[in-house]
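Asks: Residue numbers (this note's numbering), protein chains in the order written: chain A, 1 to 350; chain B, 1 to 268; chain C, 1 to 292.
Hints in this document: simulated from the structure, not taken from any laboratory. Even for Gly, the Cβ is constructed at its ideal location relative to N, Cα and C. There may be inaccurate statements among the hints.
List time: in silico DSSO-like cross-link candidates among lysine-lysine, alpha-carbon distance up to 30 Å [said to hold, decoys possible]:
no.	chain 1	residue 1	chain 2	residue 2
1	C	55	A	339
2	A	75	C	55
3	A	350	A	199
4	C	13	B	88
5	C	100	B	6
6	A	199	C	106
7	C	78	A	161
8	C	183	B	94
9	A	211	C	104
10	C	13	B	6
11	C	254	A	339
12	C	153	A	245
13	A	124	C	254
Covered by chain C, per the in silico footprint, the following chain A stretches (three or more residues, Cβ under 8 Å) [unchecked claim]:
no.	segment
14	65 to 79
15	88 to 101
16	201 to 211
17	272 to 283
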Amino acid sequence: MKKTYVLALALVLCFSLLAGCGRSPSQDTQLNLFTWEGMFPQEVLDEFTAETGITINYSNFDFNETMLAKLQTAKGGDYDLVIADDYIIETVIAEGLAQKLDKSKLKNFGNINPVYQSQFYDSKDEYTVPYGAGIQTIVYDPELVDIDITGYGDLWDSSLKNSIGVIGNYRVINGLALKVLGESYNTEDISKIEAAGEKLLELAPNIRLIKDDNLQDDLLTGEISVGVMYTSQVTLAKLSNPNLKVVFPSEGIGFGIMAAFIPSNAPNPDAAHKFIDYILQPEVSARCFEWLGFYCTNKAAEEYISEEYKDFLTLPIDFSGDMEMIQRISAEAEEAHTKIWTEFKSAAGK
Amino acid sequence: MKNNTKLANFYLGLILVLMYLPIIIVIIYSFNSSRISSVWGGFSLKWYEELLRDKSMFDAMANSLILASSSSILAAIIGTLAAVGMPKVNLRSKGVIEYISTLPIMIPEIILGMVFLTYFSLIRLPFGMITLVIAHTSFCIPYVYMLVKARLVGIDKSLVEAAKDLGASEIRAFFDITLPLILPAILSGMLLSFAMSLDDVVISIFVTGVNTNTLPIKIYTQLKTGVTPKINALSTLMLGATLLICLLSVWIGKLGSHHREDLKMEGN
Amino acid sequence: MKRRLFECFSLAKCVAFLAVLPLFVFTFIFIIGPLVYMLVLSFLQRAEVWGVVNKFTLKNYIDIFKPIYLKTFIESFKLALTTTFLIAIIGYPFGYFMAKLDGKWKKRMMFILFIPFWTSSLIRLYGWIIIFRANGILDKLLMALNITDAPLKLLYTYPAVVVGMVYALLPFMIYSVYSSAEKLDWSLVEAARDLGASSLQAFWTISFRLTMPGLLSGVVLTFIPSMGLFFIADILGGNKVVLVGNLIQEQLMKAHNWPFAAALSVVLMILTSLMIYIYRRISNVKELEGLV
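Here chain A stands alone, though its shape is the one from the complex:
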């Protein structure tokens, strides 16, 4: 009996040592990619390795903030390429944790859709390459909803009692109330944020659930009939049930961008440039976006996107809306936001 334990212990120790020493491929041929899981189809990663000989070491974070905390402790090192959300990249650049791109190495840089360039977080496009955009829409099942939804204001309709599902991002959901009141997503006026909080409390009875992951499932199974969800979820929902209606809210449209950047002390910036350039190729890019389900940020890729996906990955040609990005706001305004959000959630639980 005792022997078995000792043996098990020895085995485990050996394993750990092997894991420690065994996997240390040389620096030049490894790309340390740091982003959420499932951002690329496996084939694209495999083909990149086959073509360039660079292996991809894919590690993940859950929240943008975790990424920033880790990058900060690593002093901008360890990772070669990071893909994260717009607002955090602004902070990353301000903290000096990103390096400027060498555009001579990016021959496909011109493929990027200019709509998604020169935004607040990188106004001169020096640091980042966008990889997918999310646009806040409302999705609903017309069979279960009696009214015609055209904007955020309709969500307050009493016929929607206990039937709306929303994502758990408070800037988006609080912002929705701000929009209904005719304000900007990014207002720093506390009284306006508090007014939005009051407005949200009236919405609470209509809320059935608040969650980030797989919200589309609930819409498809009839658990909810209206959803305010992430773009990839909208895509999945629409693919499964084409009868669902997607609405660009009349009050104005919020959107966000995910973008790739190279940390300031990346061990292998060369490989990072190669990878960015690789996924900027129109055909590769089209495959990535079909997989990802976010709006395509690559203009040249649009013609390669199959018909099935075209509606969800590209903006309508006649698209004209008041588009606004969610940006960083003052600490005080942020505190007001978290307070009204907590109140809203517990009111929804009543």
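Position chains B and C relative to chain A; hints supplied.
Replies: Here is chains B and C on its own, set in the frame of chain A:
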């Protein structure tokens, strides 16, 4: 008496069925052709194919298993030794240390992960398997410690005393008398620790290094695209492997016990 | 006095000291450091964008007294109590009966019980979602048995959260009760029965008393994590039950207010310790001494 046993067995069975219910559903849905995790779209093996192509998934699984076994073993050693030794030392600080060592399970994981991140970088520990093991051990120790401690209560001290009177050294008495008596508690604590470590994501994300992605990290970070049934497929494979190992260990155990019986015979 | 001094230097004490040394060292190096950092953090000011400013303030603690945040503490507390109570009721008999099984089955049971927890908790929760869903497995079953005639809409309600919590933490109770019931001397129970005690009496006076430490440590082991667990409430409760863990996560990861998150954690830590202390006092079990 007979009836009582039947009732007891019925109860055990019922609870076990409830415990396995979600697992059975996980297995069924691993064969779902739809990407939507709760809509049945027909039978398919495509998630298994996807899984087999994804080498990083298996790397992550290996990391997770190494991490869980190292930290549960480490916790078992530290926790058991301390639980056994604590009543016998009279240090004034022992109550305090005992209390502090249980704090990691009273603090929400996310803040613990965050302070570990800062602290490890402060003492210049390189992030990787070592930091992962340390962090996981910290929240595994309390479980082993408490279970062993509860088990030690009321264990017949006279047995240990008797052994010592018969000339057994302190250490010998521990291995021959105490250890076999507290083994179920150590094992329970280790199994709980193993399961906790294998499932931890929040702390791991903070203290992991570049090369040490764990399985839960891969599962929980699919925020942007949603969790796919690939994970169900992996869970099914893991369950299958566990079952196999369990059966195998029962088999080996049988061999072992035969062997022991043979020895006994010889001894007689 | 002289004797005690002598004892300190005896071999037995030396061995005992060596045995507790790893825990002391580990706690000193890897637990106290981070905890002190957290404590310090809770008295600092947040920076405008990211990180903290090294200025002392009590604002974080004062903010906790806003009614909305106090309410989350009460909510967490209520949920933890409900969960622990139900787990004790369900888990105690299980651990007790398990200890009565014969030797071979005892060992097997330990592993059978453990296997479901090999899979990711997220995946297991998805399993529950499928069970609870409107017109899902549970609804179909109940309707087929004519117990209900319409879908219950159980998902994203409080009962669903409680089921999820009980499910996740039940093994802690079972293992704990089992490991203390397993050493029970059944001949004592037999003897009591022979002396004319009813089986209930025998259980109450002997078995229950002797398994008390297991039950108590089980209660502690389930109560502590249930105060901080929140993602079950998120996934099965549709995020509508706001718990402290949830609040802390949002403060850290979304509002970038680390000091407030640290203060919330400190208060949670103190409250949990206090609860266990009171519980220890009320139950007045000497065996629990030093458990927490």
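Asks: Next, verify each hint and record whether it holds.
Replies: Structure-based check of all given hints:
no., hint, in the structure
1, C:55 x A:339, "23 Å, holds"
2, A:75 x C:55, "24 Å, holds"
3, A:350 x A:199, "16 Å, holds"
4, C:13 x B:88, "7 Å, holds"
5, C:100 x B:6, "12 Å, holds"
6, A:199 x C:106, "58 Å, violated"
7, C:78 x A:161, "27 Å, holds"
8, C:183 x B:94, "27 Å, holds"
9, A:211 x C:104, "45 Å, violated"
10, C:13 x B:6, "49 Å, violated"
11, C:254 x A:339, "12 Å, holds"
12, C:153 x A:245, "24 Å, holds"
13, A:124 x C:254, "27 Å, holds"
14, 65 to 79, "holds (count 3)"
15, 88 to 101, "holds (count 3)"
16, 201 to 211, "holds (count 5)"
17, 272 to 283, "violated (count 0)"
In terms of the numbered hints stated before, the structure departs from hints 6, 9, 10, 17, listed from lowest to highest.
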